[in-house]
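> The whole structure should be built from the sequences, with the hints applied where relevant.
As given, the protein sequences belong to chains A and B, one line each in that order. Going from the first sequence to my numbering is simple: count from 1 and add 21. Going from the second sequence to my numbering is simple: count from 1 and add 13.
Don't take every hint at face value.
Listed below are the simulated DSSO-like cross-link pairs for lysine-lysine, each with C-alpha atoms no more than 30 Å apart in a straight line [what the hints assert, rightly or not]:
1. B/Lys239 <-> B/Lys24
2. B/Lys212 <-> B/Lys24
3. B/Lys24 <-> B/Lys93
4. A/Lys213 <-> A/Lys172
5. B/Lys93 <-> A/Lys29
6. A/Lys23 <-> B/Lys93
7. B/Lys143 <-> B/Lys197
8. A/Lys26 <-> B/Lys103
9. A/Lys26 <-> B/Lys143
10. B/Lys103 <-> A/Lys29
11. B/Lys239 <-> A/Lys23
12. B/Lys103 <-> A/Lys23
13. B/Lys212 <-> B/Lys103
14. A/Lys39 <-> A/Lys26
15. B/Lys211 <-> B/Lys103
16. B/Lys197 <-> B/Lys239
17. B/Lys143 <-> A/Lys37
18. A/Lys235 <-> A/Lys172
19. B/Lys17 <-> A/Lys29
20. B/Lys103 <-> B/Lys17
21. B/Lys93 <-> A/Lys26
Covered by chain B, according to a simulated footprint, are these stretches of chain A (three or more residues, beta-carbon under 8 Å) [claimed, not checked]:
22. 334–347
23. 352–364
To give a feel for the contact side, a few chain B residues facing chain A, derived at Cβ under 7 Å [to be verified]:
24. Leu73
25. Lys93
26. Val94
27. Ala97
28. Asn101
29. Phe106
30. Asn112
31. Arg116
32. Leu125
33. Pro126
34. Tyr129
To be clear, the hints were calculated from the coordinates, so they are not data collected in a lab. Every value quoted in this text rests on a predicted model; they were computed, and no experiment measured them. Glycine included, C-beta positions come from ideal geometry on N, C-alpha and C.
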Amino acid sequence: MKPLKVLKIAWLALLKNKVRSLLTMLGIIIGVAAVIIMIAISAGTEATIQDQITGLGSNLIYVSASFEKGRPGESMDSGGLVYDDAFAIADQINGVAGVVVEQSSTQTIKAGDATLDEVTIMGTTADFPSVRDMDISSGRYFTQEEIDRTKPIAVLGSSLAEELFGEQDPFGETITVAGSIRLTVVGVFEEKGMVGDVDYDSRLYTPITIVLEKLINNQFSKFMGDRVRLIYVEVDETVGTEGERTLDDVIYQVSLLLAKRHDVTLEEPDFVITTQQDIITTQESTTAAFRSLLAWVAGVSLIVGGIGIMNIMLVSVTERTREIGIRQAVGATPNDIRWQFLTEALLLSLIGGLIGVAAGVTGAWIFGQASGMRTVIVVSSVLLAFGSAATVGVFFGFYPANQAAQLDPIDALRYE
Amino acid sequence: MKKKKAIIDGKDLVKVYQMGDFEVRALDGASIQVKEGEFVAIMGPSGSGKSTLMNVLGCLMSPTSGEYFLDGEDVSDLDKVELAQIRNQKLGFIFQSYNLLARTPALENVILPLFYDRTSLLTDEEQQEKAIEMLGAVGLEDRVYHEPQELSGGQQQRVSIARALVNDPVMVMADEPTGNLDSKSGAEIMDLLVSLHKKGVTIVMVTHDPAIAEYTDRTIHLLDGKVAREVTNGKEGK
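As structure tokens, then:
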């Protein structure tokens, strides 16, 4: 029997029961669409996270204070990072393109009639714009000299500038922070957008010395002094032939330097050094776990779809016993019958799979449009879903097809 | 007649059904011969084994013991696949309830045996032509694309006769072909079978109706799984 003819017979049989065929396929359709949509969502999330991490600036090393290591009873000055550590790193280590220290404080600010609560005052250093890929749109950024002199000036994030001054040029305007500290606006950043969950545009940037000496000191005891939570080190890619080597090298040098400065051992440091890659790896393992969970859920729905096919095929075999008998009487062998029903099951799952792919791709797109979340159609997920649907069809079609093939022609012909 | 070869040559055919602890000997040593071109009726009361004999002769099942040569070929001990191929190549079936595929055009129904014929050298177009020719031969040239539910009982039986003939069988097995028909349609079907017989088709028909059996050359009477007697229906002069 020619395969094409078997296919035609199976196709005609499915057409004779359009509604039933469609309902049977529904399980597969939903299963395949679910696999594609879910993987599209998780891949979209992953891509968004990747972009955000990359958006933080490349080749960054994060040096942060390790508070767990600051044992009580010891001098508080011996634990954590201090402002001067940043200068030491910048001065003494090769391959460092820039060092940024950040220390923030949340304050109420006033400018003219406008008052804003809970604004992040970001105290930072001279390399900030280059390390963080921020561009000045008007005015200027502050210099190291101004930082050293604790000059009361501010650079505004784009949305903050608009909120405080509207269309007006904020250059030279005065902003009052925490009721008493008056800062003069010297520049405005270009729009940066959200990076991770941080909105860089709604912040006020000022020399870190302002924050350390005037804001933090007002809130915490004096001995907190010039402690900082985080130092960003940008590694110069042009130094050394291999990026990776340079990064590791700089990390090692920074570790040695800080251990010496803080008088701790490398085995028990009071700081933690994290790279961009560490963060990406952590994110990847999280999203991979998330993704495999989704894939399992979707896979289960595919199996349920397959059981649906088996169920309907079994009903169909019983209902069409007479037809099977007729075919056997005129010469269909058990294999002919088996192939006929197997082909029907396969067709059901393949067509269901195709519709599911279409539904999944459109569904992912619609979901992305409706929720604003990014969705990425992963080609391998489409192939995986479609392939599973076909496998499910063969697997769950085999039992009913076998039942049909084993019917006795006399019993089948007598069946009412 | 004597020179003609035997299409059916069954000797001591026995078919035993195991029903729990006891056996039912549906066929108990029936011997039967049908020659090429004959039109034979098999009659007998319920339980006489005529259905079983029909199933054995139609290669729908193998006898428990005994020899059965169909068209010179020993078919007593074939497996399911071989039996299916024998049915496909050598036999045509006409059933009481027509047994056409529902919601399938007459043409498709008639083609069905060719569809399962692995040895057929006919192209799809030739198969179609042949099926249409067969439908013409039973007087249904204008019902080729009608589905069974659109046809009368007599017409449906004609479709099944066309199907039985499409593979040029050595013998047509007819099981109560007029059982579901009114007397007028029944007579028309019998006339059709007689005309086929006159064209040389070998027909074995199972019936319980003596009037229907009268159309044939010879009637074989079964009783308790054995051939009780054979009667030649001398009605040439009628």
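> Run every hint past the structure and note whether it holds.
For each hint, the structure was consulted:
no. : hint                  : result
1   : B/Lys239 <-> B/Lys24  : 11 Å, holds
2   : B/Lys212 <-> B/Lys24  : 28 Å, holds
3   : B/Lys24 <-> B/Lys93   : 21 Å, holds
4   : A/Lys213 <-> A/Lys172 : 25 Å, holds
5   : B/Lys93 <-> A/Lys29   : 25 Å, holds
6   : A/Lys23 <-> B/Lys93   : 21 Å, holds
7   : B/Lys143 <-> B/Lys197 : 28 Å, holds
8   : A/Lys26 <-> B/Lys103  : 23 Å, holds
9   : A/Lys26 <-> B/Lys143  : 18 Å, holds
10  : B/Lys103 <-> A/Lys29  : 26 Å, holds
11  : B/Lys239 <-> A/Lys23  : 43 Å, violated
12  : B/Lys103 <-> A/Lys23  : 21 Å, holds
13  : B/Lys212 <-> B/Lys103 : 17 Å, holds
14  : A/Lys39 <-> A/Lys26   : 20 Å, holds
15  : B/Lys211 <-> B/Lys103 : 19 Å, holds
16  : B/Lys197 <-> B/Lys239 : 33 Å, violated
17  : B/Lys143 <-> A/Lys37  : 26 Å, holds
18  : A/Lys235 <-> A/Lys172 : 11 Å, holds
19  : B/Lys17 <-> A/Lys29   : 43 Å, violated
20  : B/Lys103 <-> B/Lys17  : 17 Å, holds
21  : B/Lys93 <-> A/Lys26   : 22 Å, holds
22  : 334–347               : holds (count 4)
23  : 352–364               : holds (count 6)
24  : Leu73                 : 5 Å, holds
25  : Lys93                 : 6 Å, holds
26  : Val94                 : 5 Å, holds
27  : Ala97                 : 4 Å, holds
28  : Asn101                : 2 Å, holds
29  : Phe106                : 5 Å, holds
30  : Asn112                : 5 Å, holds
31  : Arg116                : 6 Å, holds
32  : Leu125                : 5 Å, holds
33  : Pro126                : 4 Å, holds
34  : Tyr129                : 4 Å, holds
Checked against the numbered hints listed earlier, the structure breaks hints 11, 16 and 19; every other hint is satisfied.
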